[in-house]
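Student: The primary structure of each chain is shown beneath.
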Amino acid sequence: MNAILQATIEFLRHYWAPLLCGVAIVAILPLAVGYIVLVERKLMADMQARLGPMRVGPHGLLQPIADALKLLIKEDIIPDNADKMVFWLAPVLSVGAGLLSIAGLAIGPAFQIAQDINIGILFVVGISAMGIFGIVLGGWASNSHYSLMGALRSSAQLVSYETAAGMALVSALLFTGTLNIKSIVEVQSNEGIWFVMLAPVAFFTYLVASIAETNRAPFDLPEAESELVAGYMTEFSGFRWSLYFLAEYTNMIVVASVATTLFLGGWLRPFAHVSWLNSLDFLPTLFMVVVAAYCVLRMPKQPTRVQQLFMLAVAGLCFVVALVLLVPVVVPIAHPFYAGIHGGFWFICKVSLYIYFFMWLRFTIPRYRFDQLMRLGWHFLIPLSIINVLLVGVALIAASYLNLHGWGLLLVTTPAAVITLVVALLILSAEKQRDVRHDPNAASDFYAG
Amino acid sequence: MGADELVINMGPQHPSTHGVLRVKLKLDGERVIGSECIIGYLHRGVEKIAENRTYQQFAPYVDRMDYVAAVSSGLGYCEAVEKLLVVEAPPRARVIRTILTELQRIASHLLWLGTHALDIGALTPLFYCFREREEILKIFEKYCGARLTTHAFRIGGLQYEAYDTFETEVERFCQDFESRIVEYEDLLTQNRIWIGRTKGVGILSAADAIAFGVTGPVLRASGVKWDIRKAAPYAAYDQYKFEIPVGTTGDTYDRYLVRMEEMRQSRLICLQAIENIPAGPIMAKVGKVLKPPPGEVYHAIEAPKGEIGYYIVSDGTVMPYRVHIRPPSFINLQAFDRMVRGHLVADVVAIIGTIDIVLGEVDR
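These protein sequence lines map, in sequence, to chains A and B.
Each residue of the first sequence is one higher than the one before, starting from 41 at the first, in this note's numbering.
Each residue of the second sequence is one higher than the one before, starting from 184 at the first, in this note's numbering.
Simulated from the structure, these hints should not be mistaken for lab results.
Glycine is no exception: its CB is placed at the ideal position from the N, C-alpha and C atoms.
Treat the hints with caution; some may be incorrect.
If you want a taste of the chain B side facing chain A, the calculated C-beta under 7 Å gives, among others [said to hold, decoys possible]:
#  : residue
1  : G304
2  : A305
3  : L306
4  : F313
5  : R314
6  : I376
7  : A467
8  : G492
9  : R524
10 : V528
11 : V532
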């Protein structure tokens, strides 16, 4: 007994920091997801000439909390003919995979739970792909046709697009020579250039594939509301449903983080090594101050006392964060300790932009049909990404002969990207000719994917 | 039924069957190999009710059939009874009727566009469409007090005189609307995904369309230039210049283009009509108690969704002996199975949307 206690204490002594981070993630992530949803609804409302949630809290700021409470106290319905065990397990599996893959991500040089795993990026991608089991099992266990079709669509879609996404990742990894997430960012720091410049085609491929992987519009076929009611989630309600919802948004954060790490320089500031742009370090502080000022300015317009106080509280919080962000810039001694905070700011910024792009697409364009989705994946993205990997490889060999580094790499990678684009155009025109020859509606066995 | 076939019930509760349409789909994977529309969930026996109401009392009931184009249904009924009575609405009433009906056509098409785009996955056009539709409904509300089931017209003319700012408001709407249509088209017309989802989907040949008795934009998109506003002008349509857009292939994309162009033409009709509303009475001389001479009449008008026809048999009493209504949605829906076979589940909702049905009218 004593030995077990001893071992536990020993374990805690070693791993208290990652454990704390883990608890923090499980506690904070649902809240963050709630607010991402709020931001999405607000953005959607803005683009659609309306206001969005305005009732709960000032400008609907407490809406996510109200939604979460509502979902928690809803009746828990399990259909009579459902496979109850699997029905219970499926959403947990989905959300578990999402949360677990967060562990591998490095939000700043100091903020990483599963530190220095040498297969970091594979771990993240692999675990997050496990979430599909939750979707397939949930769709199957619901014993409903709509759910089943949603689940089938989802699995076919993930298999198809994971290939393209993987190939895109490989193109970027060719530059780093390591799978360790921290090292990937460090390589970008050393080269002084982000991989999005060196492998733009790979970034584009990953962008498209990641939208498809996370089942977001225009690839949201597994839950296509107008066709399959809610796809695999049709029979789920209340908190079970919200777990799926959580999983979907967590996956968005994961793919955005992977893209940020690999292509957008992770936690690095834009132009991190250009000294005359060091004033950019004040940007985080400035941003938070502007947010705080906006809150103070809007405060008198709030209708009730409570809302005014709430606004003030938000402003105060932003101001405190601004001060914290200011410390490393003005006090050089504190720099090593605080470096991570600034990294976190830039990381979150990039992830937000990536997710914003997802949302923007969702509000703008219609949904693909399933055969079109499969064709886009197999006939366009996969060939494109394979060719891109080959050409990036060739470019790197050329670079090593010419002894190119940093921005100089552009000399060889840009021609590679251009050639890939030409090939892409060729593929598209071939597709068009194929359309002319064949009836576009001819049956194709797209579940075979 | 083979082992690899699946029967799926779409509706009556489903986000995109536009009400309570129930479609039984026989699927092979996701491919539709057969379909059956099961209707009647909104049946209220409107035609039977007509036999127990006076002619005036029945007028509000027709608004409840196609509740998103109530003005058009009402116009058809009023004109049918007028034909039976052998009276004619005065010119002023006819022009105002024309303006309101054309506004209603725009409103109905806007609702169609928004929901059709939503079915295909474009979330945003819906709100833009509703923004403009709201303007039209406001005009209706100012005119007659109701937004949806308006009961705007009376047998023999109008009950209400046009309000003071009626002309300027309609004109302002028409001016704004021109650029608004461009907004919708920016989002959809050249969009690759939109074209991919609508071109070649739900093709209905002209011969099929005629054989099924399909009317309205669905018929015109198949290439048949048939519009009652031109073929047998009613209200004041003979005074105005407008084009009848026709399609070529009869697919969903053509129907989209035809309806977009129809909105533009309706706008032009409104602008022409607003320029010169004749002065004069708004009500013809009809008695308080309507007793049409015994006989029968069929009168049809071009509603937003197609030909809405009223067949009324009078036995000389205050109540019709029989009223039969030819609703465009109900008859257009017949072509559904022909259009949907061989397509995918995703196309089913696109095709339901493109026929533009309102279940209140299908079931009556």
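Student: State for each hint whether it applies.
Tutor: We went through each hint and held it up to the structure:
1. Restraint check, G304 of chain B versus chain A: the minimum CB separation of about 3 Å is within 7 Å; hint holds.
2. The beta carbon of A305 of chain B is positioned within 7 Å of a beta carbon in chain A (closest approach about 4 Å), and the interface hint is therefore held.
3. A least Cβ separation of about 6 Å between L306 of chain B and chain A falls short of the 7 Å threshold, and the interface hint therefore holds.
4. The restraint placing F313 of chain B at the interface with chain A is violated, with a minimum CB-CB distance near 9 Å, outside the 7 Å limit.
5. Checking R314 of chain B against chain A by beta carbon gives a least distance of about 6 Å; that is within 7 Å, so the hint holds.
6. At about 5 Å, the closest approach between the beta carbon of I376 of chain B and any beta carbon in chain A falls short of 7 Å, and the interface hint on this residue holds.
7. The restraint placing A467 of chain B at the interface with chain A is violated, with a minimum CB-CB distance near 43 Å, outside the 7 Å limit.
8. Given the 7 Å rule on beta carbons, the hint for G492 of chain B is violated: about 32 Å separates it from the nearest Cβ of chain A.
9. At about 10 Å, the closest approach between the beta carbon of R524 of chain B and any beta carbon in chain A exceeds 7 Å, and the interface hint on this residue is violated.
10. Using the Cβ-Cβ criterion of 7 Å, the hint placing V528 of chain B at the interface with chain A is satisfied: the shortest such distance is roughly 6 Å.
11. With a cut of 7 Å, the hint placing V532 of chain B at the interface with chain A holds, because the nearest CB-to-CB distance is about 5 Å.
Of the numbered hints given earlier, the model fails hints 4, 7, 8, 9; all others are met.
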